[in-house]
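In order, the protein sequences belong to chains B and E.
In terms of the working numbering, the first sequence opens at residue 1 and continues consecutively.
In terms of the working numbering, the second sequence opens at residue 1 and continues consecutively.
Hints were generated in silico from the structure; no laboratory data involved.
The C-beta atom is built at its ideal place from N, Cα and C for all residues, glycine as well.
A portion of the hints provided could be inaccurate.
Said to hold, decoys possible - Residues on chain E that point at chain B, a partial pick, calculated with CB under 10 angstroms:
(1) N48
(2) T50
(3) D59
(4) A63
(5) L72
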Amino acid sequence: MAERRSHSVGLVEPQTLHVDTPMGLDCGKTLSQFDLVYETYGKLNAARSNAILICHALSGNHHAAGYHSEADVKPGWWDKCIGPGKMIDTDRFFVVSPANLGGYNGSTGPHSLHPETGRHYGPDFPVLTCADWVRSQDILRRALDIEQWAAVVGGSLGGMQVMQWSIDYPDRLAHAIVIAAAPKLSAQNIAFNEIARQAIVTDPEFHGGRYYEHDVVPRRGLMLARMLGHITYLSDEAMRAKFGRDLRAGRINYGFDVEFQVESYLRYQGASFVDRFDANTYLLMTKALDYFDPAYATGGDLAAAFAPVTARFMVVSFTSDWRFSPARSREIVDALVDAGKEVSYAEVTSDLGHDDFLLTMPHYVNSLRAYLGRVADEAGT
Amino acid sequence: MNTLLTQTHDGLRDDLALISNWITPGARVLDLGCGDGTLLAHLQRTKNVTGYGLEIDPDNAIACIGLGVNVLQLDLDAGLDQFEDNSFDFVVMSSALQEVQRPDQLIEEMLRIGRDSIVTFPNFGHWRPRLSLGLRGLMPVSKALPNRWYDTPNIHLCTVRDFEGLCRDKQVDIVRRHVVNHAHRSNLGMRAFPNLLGEIALYQLRRTVGF
Numbered sequence: 001m002a003e004r005r006s007h008s009v010g011l012v013e014p015q016t017l018h019v020d021t022p023m024g025l026d027c028g029k030t031l032s033q034f035d036l037v038y039e040t041y042g043k044l045n046a047a048r049s050n051a052i053l054i055c056h057a058l059s060g061n062h063h064a065a066g067y068h069s070e071a072d073v074k075p076g077w078w079d080k081c082i083g084p085g086k087m088i089d090t091d092r093f094f095v096v097s098p099a100n101l102g103g104y105n106g107s108t109g110p111h112s113l114h115p116e117t118g119r120h121y122g123p124d125f126p127v128l129t130c131a132d133w134v135r136s137q138d139i140l141r142r143a144l145d146i147e148q149w150a151a152v153v154g155g156s157l158g159g160m161q162v163m164q165w166s167i168d169y170p171d172r173l174a175h176a177i178v179i180a181a182a183p184k185l186s187a188q189n190i191a192f193n194e195i196a197r198q199a200i201v202t203d204p205e206f207h208g209g210r211y212y213e214h215d216v217v218p219r220r221g222l223m224l225a226r227m228l229g230h231i232t233y234l235s236d237e238a239m240r241a242k243f244g245r246d247l248r249a250g251r252i253n254y255g256f257d258v259e260f261q262v263e264s265y266l267r268y269q270g271a272s273f274v275d276r277f278d279a280n281t282y283l284l285m286t287k288a289l290d291y292f293d294p295a296y297a298t299g300g301d302l303a304a305a306f307a308p309v310t311a312r313f314m315v316v317s318f319t320s321d322w323r324f325s326p327a328r329s330r331e332i333v334d335a336l337v338d339a340g341k342e343v344s345y346a347e348v349t350s351d352l353g354h355d356d357f358l359l360t361m362p363h364y365v366n367s368l369r370a371y372l373g374r375v376a377d378e379a380g381t
Numbered sequence: 001m002n003t004l005l006t007q008t009h010d011g012l013r014d015d016l017a018l019i020s021n022w023i024t025p026g027a028r029v030l031d032l033g034c035g036d037g038t039l040l041a042h043l044q045r046t047k048n049v050t051g052y053g054l055e056i057d058p059d060n061a062i063a064c065i066g067l068g069v070n071v072l073q074l075d076l077d078a079g080l081d082q083f084e085d086n087s088f089d090f091v092v093m094s095s096a097l098q099e100v101q102r103p104d105q106l107i108e109e110m111l112r113i114g115r116d117s118i119v120t121f122p123n124f125g126h127w128r129p130r131l132s133l134g135l136r137g138l139m140p141v142s143k144a145l146p147n148r149w150y151d152t153p154n155i156h157l158c159t160v161r162d163f164e165g166l167c168r169d170k171q172v173d174i175v176r177r178h179v180v181n182h183a184h185r186s187n188l189g190m191r192a193f194p195n196l197l198g199e200i201a202l203y204q205l206r207r208t209v210g211f
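Turn these sequences into a full structure, and let the hints guide you.
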């Protein structure tokens, strides 16, 4: 146990910020009050200049690093990269990791009780955007009395929030680190999301999103959604390396039960997801992904959308990521160059696919370590 | 001894020091094949330039990041379409011309993107490579061309005369030329017979008006 935790932030406890000032949302609705749950790792320095905000991806939450109890088997979702001496070094940085609004086991979301009706929000929970999340994270920033983030960091959907931060609150972050992201979803990306949503909403146990009140969950739909998602997060090569066409029973049975190892794996991934994720949250998160398009307001001109940016950027992509391929990251880089902004770009040769950003390939880790080393020097930490 | 070299550049490699002298303060610079970012870091510190380095090697790119240089890990052979016309004051390519697939196209791209271009390359017309190939019948190996024929990254070696021929064909203005030896020193002989006595050639180029 001690060995396992020697490079860990150790035991962590989530904290809750209760906000009772109403917050307007992009969809036109208002949240009259809400909770934001977050964890922090490392220490804020005296100048309050060494804070890093972590924006999480679709299935992440506030628990990014460390363990909740001694008995905890699995650490936070980005534990490989956050900790003492790790890529995001908690010996130097104060790391803040919130759970997004609309989430499933922390911040206020569809499972929460509506303060006026006393019922679960369910389908009445407002549709959210990256800009809404960023707005709520800025409330957290103020509550923590942090003038400016040394860096805002995120992968995938988290990377989109980072871009939004740089545009909406240019003075509030010195550095923007965007990993395995895209400036907007392609039609193919949206199509995958729509299949996932249809799997959920057509599950007989979805009950129009009011399944909490029926004491059921749309297991089959959520499981299918996750299975589909999982295929897109892995590369063809990674799946071939992991499973090939291996048969579970060693021979073909000419039936529709699980025969190939990959089928078994996907069913396992899907089933375990159901136990830890909320179907309404999945709908909300994928919609936020679909809507993300900072260049929408500038007629599709991403460089113009980046005009207000003062943060310096580090963009990272992975060669085997076909969900958000390196070409999509280069669109971000090109727009930043066109806008005359400061940006570095690393294209990491990888095998696994989109989920590579959770791992620790040397090129990836060393690039970000070098970058964040400069950020820390600048922050005087 | 060339007078340009009397300026101090805190131990900067001499060819990079020469390039630095040609770059105006506050310029926007794109450095193609920027290596470990030494030149750009120096220019940022001493001349307040802004810009980016392009580098394909991950370790070099990491070194750039460590120096606080904006580095884009891109392959020069994939082209430079993403950069707009006249979007930089200087486009620099130091000792990379001979390593790219189509040097002619890359030079055109440099001239399109930058107001001025600075190119350096090892001169294959120097007497030593000539001697090696002409008399000994062996591909030259020297300080300026240290690789053997089988492991060299150089796929398009050229001479000073070849390069100037290309510039003539493409109607490119040679604003400045400087040839040096492998220790990056110049002398009267090199200035008189650059193709025979220069080991490394440095050029500042500009697009001919109307080209």
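Hinted contact L72/E with chain B - closest CB pair below 10 angstroms: Given a least distance of 4 angstroms, the restraint on L72/E holds.
Can you verify the interface hint for A63/E: is its Cβ closer than 10 angstroms to any Cβ in chain B? Holds. Min distance 8 angstroms.
Does the closest beta carbon of chain B sit nearer than 10 angstroms to the beta carbon of N48/E? At about 14 angstroms, which exceeds the 10 angstroms cut-off, the nearest Cβ of chain B leaves the hint on N48/E violated.
Can T50/E be said to touch chain B, with a Cβ gap under 10 angstroms? With a minimum Cβ separation of about 8 angstroms from chain B (threshold 10 angstroms), the hint on T50/E holds.
Minimum Cβ distance from D59/E to chain B below 10 angstroms? The hint holds - D59/E has a Cβ within 10 angstroms of chain B, the shortest such distance being about 8 angstroms.
The structure shown violates just one earlier hint, number 1.
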